[in-house]
Structure formats: C-alpha cells, structure tokens
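Construct the complete structure from the given sequences, taking the supplied hints into account.
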Amino acid sequence: VVYEQEGVFIHSSCGKNDDQDSLIAGILRVIEKENEVVVDWRPLDETLDTSNILCAGKDSSSVVEWTQTPKEKCSRGADHPSSYEVEWDMVTTVSFKKKPNSNGDATTHANGESKWSFLFSLTDLKSIKQNREGMGWSYLVFCLKDDVKLPALHFHHGDSKPLIKCLEKHVTLNESPHDERVLLVKTQKSLSQSFENLFDEPSYGLLQKWKKDPYIVTMGKFSKVTNYIVGSLRSSDPSNQRRPPSEMADFFNDTIPGLKINQQEEPGFEVITRIDLGKQPEVTRREPVSAEEWAKNMDSEGRILDVDYIKRLIFKGGLCHTLRKEAWKFLLGYFPWNSSKEERANLQKRKTDEYFRMKLQWKSVSEEQEKRNSRLRDYRSLIEKDVNRTDRTNKFYEGEDNPGLILLHDILMTYCMYDFDLGYVQGMSDLLSPVLYVMENEVDAFWCFVSYMDQMHQNFEEQMQGMKTQLIQLSHLLRLLDSGFCSYLESQDSGYLYFCFRWLLIRFKREFSFQDILRLWEVMWTELPCQNFHLLLCCAILESEKQQIMDKHYGFNEILKHINELSMKIDVEYILCKAEAISMQMMNCKELPQTVSEILGIENSSVTPDSDTGEDESGAELSCPTSLYQSISTPVIAANGTRDGAQQMAETQSLTPA
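So in full-length UniProt numbering, spot 385 of the sequence shown is number 385, and the numbers just go up one at a time.
Please note that the accuracy of each hint is not assured.
No farther apart than 25 Å at their CA atoms in a straight line, the calculated lysine to any residue pairs in the SDA-like style are these [claimed, not checked]:
1. Lys561 <-> Asp571
2. Lys363 <-> Val450
3. Lys569 <-> Ile559
4. Lys351 <-> Asn338
5. Lys149 <-> Asp179
No lab work stands behind these hints, which were simulated from the structure alone.
Here you go:
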C-alpha cells in the first residue's frame, strides 16, 4: 500500500429525502501489486459483500452493479475469507456481467446491504476530474478508458493532492486543454508492459492477464492467439456469431487509437480492386557481395566510387559477413557514403568522446540520486530484465556474466541519456542485439543503433503513430495486390492486419533466424527498390500463406495462430524474391493508385517503366529505380529456391557497374 486515506466519502443519491445525499464513508488506497498499480476504495462497513464491484454510470448518479456469474459463485464457495488478497484474486479470475438498474437508486441485495466498493488498475484509467466544493473539501471523479465514470470521491478529512502526487509516480497527468479541472492520463508504463506482453507470453497463456487487464493484453498480443479474446469479440448468440464491422472497428480503435482501416469503400477513396497488376515476374538473387567487390569500388582515399551500384549489389545479394562490420556503418548512416578513410577515423574519435560523456552521466548517478529519479530507475529495471533474455541462445550472448550482455546493457542505458524522452521501451533490445553482434564494438554499435532508432523511433512512441501509419499503408498495398484475399480477411474480422504488428514493430526480428535477420536488414537498409520495402515483405509473406488460409477456411483464431507459428519457418531468400517481384509488378502498373504511389515513393506512376531503358515513352527518366533490374542480372537463387551454378558463374564474371 503506497497511499491510504480515510474519510473519503461517496455521496449517494439514495438518501431518505430527495434533497439529501446518503454519505458512505470509506478508505481509499493505492496498491502496488506485482507489475501493476491498483486504486481501491471500500466502505468502512466491513459487513458489505466485497465480492461485488460498483461503478457509476455516465451521469455519475446511477449505479451499475457487477456480480459474479452463478457458476463462479459456486466454485468459490460461500465462506471464502474476506481480505485484500482475496479481493485482488476476485478481480483477476471472475467474469463480470452488467446488472440493470432502475431510477438511479442504489442497488441493494436481499439483505439490504449496499455494494459500493470499486477497484481498478491504473492502466484502465483515462482521466481524473477534480474540484473543490463550497464546504472546503475537494472531490474527484475517475473516468476509465471505456468511458465508465466511477462515483465521485469526497475528501472530508484532507486534500486530494497527496493522491495526485502518488499517482504521478506511476502515470503522467496532463491538464486537459478543454477543461483545467480534468487531468488526462498517459500511461508510459502500460506501453512498456504491452511490449513485454507482446514478446513473452505463450500463445495460449493469456487468460489470467486478459481478465486482469484486457487493455494491456489486447494491445500487446496482436501476434498471439487465445480463445478468450476471440470469445470476447464474437457474440455468444449462435445466430449472431460475428459482431458488426462498426463494433470491430471500435474495438481495434480503442486498442490503437487513431487506427483507421476502412473495411468498405467510401466516397473519396480510390477504387483499386479492379486494377490488373499482371503476372508477377520471376526474380532471382545473386551471391553476397565479397570483400574483393567492395574493395574494387573504393578509391585510394577510401571513398566509395559508385554508391548506387554498391547498394544495388547489396540489395540483390546481401553482404558476406566479413564486410558487415564496415558496410553496415554506411547503410545505417553512421558513416557518410562520400567520406574518406581519414574523415571516418576523425568521426569515430569524436563519436567515441561523445559516447563516453553520455555513459558517464548514468554511471555517476549514486544510489541516493537514483532513489529520487523514478524514470531512470524504471529504465534500468526494464533494461536489466530484457538484457537477460535477449538472444541468449546466440553464442555472443549465452552464459552467465557474458561480456556481450554487459555491452548490451550499457549501450541501452546510454541511449536513455541520448534520448531521455523516449528512454527505453521493451523491444529495443531486439533491434540492438544484431547490431552489437556485427560491430563487436561498444561505440560503433551505439551510433549504428542510434541511426537505426531514428528510422524506428515512431514505432516506440507512446502514441504509436508509426505503427498506425504502417498498418494502414499495408492495408492499401495488400488490397491492390489481392482484393479477394483482403475481402476474406475482412469476413473473418482480420482485415485490420493486427497479426502483422510484431513484424512491423521490430522489423521481423522474431520471425527469422538470427543469421537471416542480418541478411534481411541489410537488404532493407539499401532503401531499394522503393520506399517501405518492408511492407512489401509483409505482403509477400501473407500472399505465400493465402492459399492455406483460404482453402482451410481459417477464421479469426486460426489466422492468428497460423501467422504466429510461422516464426523461424520462413525462407528469407524466397520472401525477398517474392517481395521484389511484387515491387516490379506495382512499378510496371500503368494505373497505380496515387495512394500506393505515395507509399512506395513512385512519383510518375501513370506510365509503365521500360524494362530495357528505364525511361518512359517521352524519354523522361522514371523515379522508380528500374536500373536495378538492368545492372544486377546475376540470377543465383530464384523465387522457387533453385540455383543455376553455370549461369551464376558466367553472369557474375560479366557483372559491371551500370
């Protein structure tokens, strides 16, 4: 119990006289329980049945009673002891149902006892309305995220300010721009917890967490499966097994506020379902760029001679591992492409000094200082927790007291000093791990990670704007590619593509093997053949699984389960070929919708690219990099996974810069 206040009253409207409130005295507590913080109010009258919870209606005068289902009442028994632990258990294990209320009167049981207790997690809190009455005491009203308002709490014996200060240790409270009496709640911790849930829970182990905190679990489990979630989304009436699209839209909009993926055509939207993209071309890949090829493309001062050519080579084949330590610094933007060897050495020296200055900032914080810095304390706790479970099967990170784990920890802590507003959010260790593995150097790994986070920053921000945008863009691309498959997903309440959440959040880190991720990321970092190539990778994976999903008539639950179980089973070279083929399909489309053109960064989408010249009919050069397909013509790995050794040798020898 981190806060406790007696003399906190509820003024009910069920007094004997119409103009007189009934005052119900109670105790208000804030409790830290495991990884959650709970606000609890209960009447002082210990005879009240605490197995029920009351919440005020939207007008804050009528009361809605929440009771256990008969089955659960039987299973718990009538003589269950009443205690704080028992009540917490009740909240985590009991299903609730609304009981109708009439005329705004307080709900009573046969024994005449009024049920007023309530208990909620801070992750459910939306806002706090506070005021001061003429009598001198203050009162406040808690509003939850489902817009349920709890009864007003009147502080007769003290002020509400200590409560607000206590809550500010766990959530951020900002004054509403529309009403200075309202404090809006921003739960940074709930966001971090959502990422933790996203990564760590077994696919079928969500029931208790769902009942404890449905918002967190729903937000964090886009790639996981549970019958409980499905049951909550679908009606229990067999004659109405699917909720209306509007309700599904409301549900997912609550999960990621601002996510707008339209399931039906609306005025003003481009009709893209009738566009014929033509047949997907066959695409092949080459062997990884060798150290010899890299060296040949550098002058005597260490400058890259033809940046576009090198990028095309990397896109088509990736890098041999010995090159990654140097080449990734260019791909991530740590080293400028036009820099000389001497300039890069001077840059590294400056960046080394800058890094250790930031590292010293958190290293020099004493234990006493950290006790008064809750954010730094929370960041450190999350980092230590994540570091101990990041890629521990990789030899670079396995075993106790591994130096790789120490570097992982120190880099993430230093990043908190570099970007204290964002700090650390779970999932970021997944992005750092491969970078540190390749660099084998603390300073270089840090600055490469900084550059990578510049690209990924919006994915981890509290408003999750990056995730919203990408899911909407992916929906546009998939509808153009296969409107029939999109329609099927929509018919199964899966048109929001939320099962792709984890793919986008950490760029497929949990979907491919560690070595395959090194290949995939370096290909994506070339930014070829278009913008948002990672979204086309999503399309390629989904299109590869389309037949099984549709032929077996997978529903909501089965789709989630199937997509989640693809982890570590996807052929990276096949998917890269397929995604590139999709990009060529779209670039060659004469009637590419403007929305799709903008997503892919194709300025001139009305003309079919000429595969021989890379120019349109008027001779103007196209913005899409069609030269990629002219100069890199060494087919090694086809989309079907086959290899042609003779063709590989002959065409590799004839490869020249475009």
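So, going through the hints one by one against the coordinates:
The hinted pair formed by Lys561 and Asp571 meets the criterion: a straight-line CA distance of about 19 Å does not exceed 25 Å. Taking the CA atoms of Lys363 and Val450, the gap is about 19 Å. The hint holds against a cut of 25 Å. Note on Lys569 and Ile559: the hinted pairing holds, with a Cα-Cα distance of about 16 Å set against a maximum of 25 Å. Restraint check for Lys351 and Asn338: the C-alpha separation of about 18 Å stays at or below 25 Å, so the hint holds.
About 17 Å separates the Cα atoms of Lys149 and Asp179, which keeps this hinted pair within 25 Å; it holds.
When held up to the earlier numbered hints, the structure conflicts with none and fits them all.
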